[in-house]
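Asks: Protein chains in written order, with full-length UniProt numbering: chain A, 1 to 162; chain B, 1 to 162.
Bear in mind the hints are in silico, worked out from the structure with no lab data behind them.
Bear in mind that the values here come from a model prediction, so they are computed numbers and not experimental data.
Hints may be right or wrong, so weigh each one.
[Said to hold, decoys possible] Computed from the model, here is a short list of chain A residues facing chain B with C-beta under 10 Å:
| hint | residue |
| --- | --- |
| 1 | Ala23 |
| 2 | Ile57 |
| 3 | Ala100 |
| 4 | Ala103 |
| 5 | Leu118 |
| 6 | Pro125 |
| 7 | Asp129 |
| 8 | Ser132 |
| 9 | Pro142 |
[Unchecked claim] Per label pair, the in silico range of CB-to-CB distance:
| hint | chain 1 | residue 1 | chain 2 | residue 2 | range |
| --- | --- | --- | --- | --- | --- |
| 10 | A | Arg81 | B | Pro119 | 42 to 48 Å |
| 11 | B | Leu79 | A | Lys110 | 37 to 43 Å |
| 12 | A | Ser113 | B | Thr2 | 39 to 45 Å |
Ideal Cβ placement from N, Cα and C applies to all residues, glycine included.
Protein chains: 2
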Amino acid sequence: MTKSKRVLLSIILRLLAFGATVAAMVVMVTSHDSAQVLNLTFTAKYSNDPVFKYFVIAEGIASAYSLIVLLITCSQNSLWRLILILDLVIAMLLTSSISAAVAIAHVGKKGNSHAGWLPICGQVPKFCDHVSGALIAGSIAPILYLLIVLSSMHSVITHLFL
Amino acid sequence: MTKSKRVLLSIILRLLAFGATVAAMVVMVTSHDSAQVLNLTFTAKYSNDPVFKYFVIAEGIASAYSLIVLLITCSQNSLWRLILILDLVIAMLLTSSISAAVAIAHVGKKGNSHAGWLPICGQVPKFCDHVSGALIAGSIAPILYLLIVLSSMHSVITHLFL
Chain A
1 MTKSKRVLLS IILRLLAFGA TVAAMVVMVT SHDSAQVLNL TFTAKYSNDP VFKYFVIAEG
61 IASAYSLIVL LITCSQNSLW RLILILDLVI AMLLTSSISA AVAIAHVGKK GNSHAGWLPI
121 CGQVPKFCDH VSGALIAGSI APILYLLIVL SSMHSVITHL FL
Chain B
1 MTKSKRVLLS IILRLLAFGA TVAAMVVMVT SHDSAQVLNL TFTAKYSNDP VFKYFVIAEG
61 IASAYSLIVL LITCSQNSLW RLILILDLVI AMLLTSSISA AVAIAHVGKK GNSHAGWLPI
121 CGQVPKFCDH VSGALIAGSI APILYLLIVL SSMHSVITHL FL
């Protein structure tokens, strides 16, 4: 693969990752639903759970990072070593945030009878649908960052050995 | 850093990662406690939660992988490209499993009043102590794997540019 093709592939992957993280963040932040339980209004929103807040922050950091790197890639490329390390850190941050959010969403959907935690999705289906959408968008981002890291490593190794 | 020092550093990091994942797995599997709630015996064990089962499986895979790579490193080194990719995948797998387990453990400890999920650590403190121990050991492993990947990438880059 020529250098220009590699740069183009990297830009496409970063644009897709940017789209996925922004979509995940927006869909999670706008998730909101309420239900009447025993004459009390029960409101579900992402900020009620620290894990969903962590998810939004991580997606926000990754979105900002993707945008900055896209701008840097278009101008000059001397920071590629730092970018390679940061790509790896962002891949792990995104993996961490999506895994934690999926774990909590699973309890929200299925509950845990052993611990006495009841599912809440029956009461607030709109909230759960939004969260599911955010998790689907959010799960694409770490895969894209894994591909970005593998592509960068491939470039370095190919440059070295071929 | 000479090649022999790099190999030694890699062996030390992999041995530490192996120790951390085995410790995390064993401590999680042996976590067990029971309590009497309203004349009913309530038993807490790791297999009651799918996320803790995933944690044990991920730590088991990482332990087996660390051991295999340690044996391979001692004999020959021609598979280093594959090992570099697998190191990255294992780092992400460990990050994912510890993050999900921490999210559930946090609900177990603090509960979530908005969702009506009560904390359970007051009833089964021994179980929670064991899980905390497993999570501490388990959180060291992805950091060690991140260092292994960075060290391997550093070796490749240094070889290329210095």
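Asks: Output the numbers, in ascending order, of every earlier hint that fails for this structure.
Replies: 1, 2, 6, 7, 8 and 12
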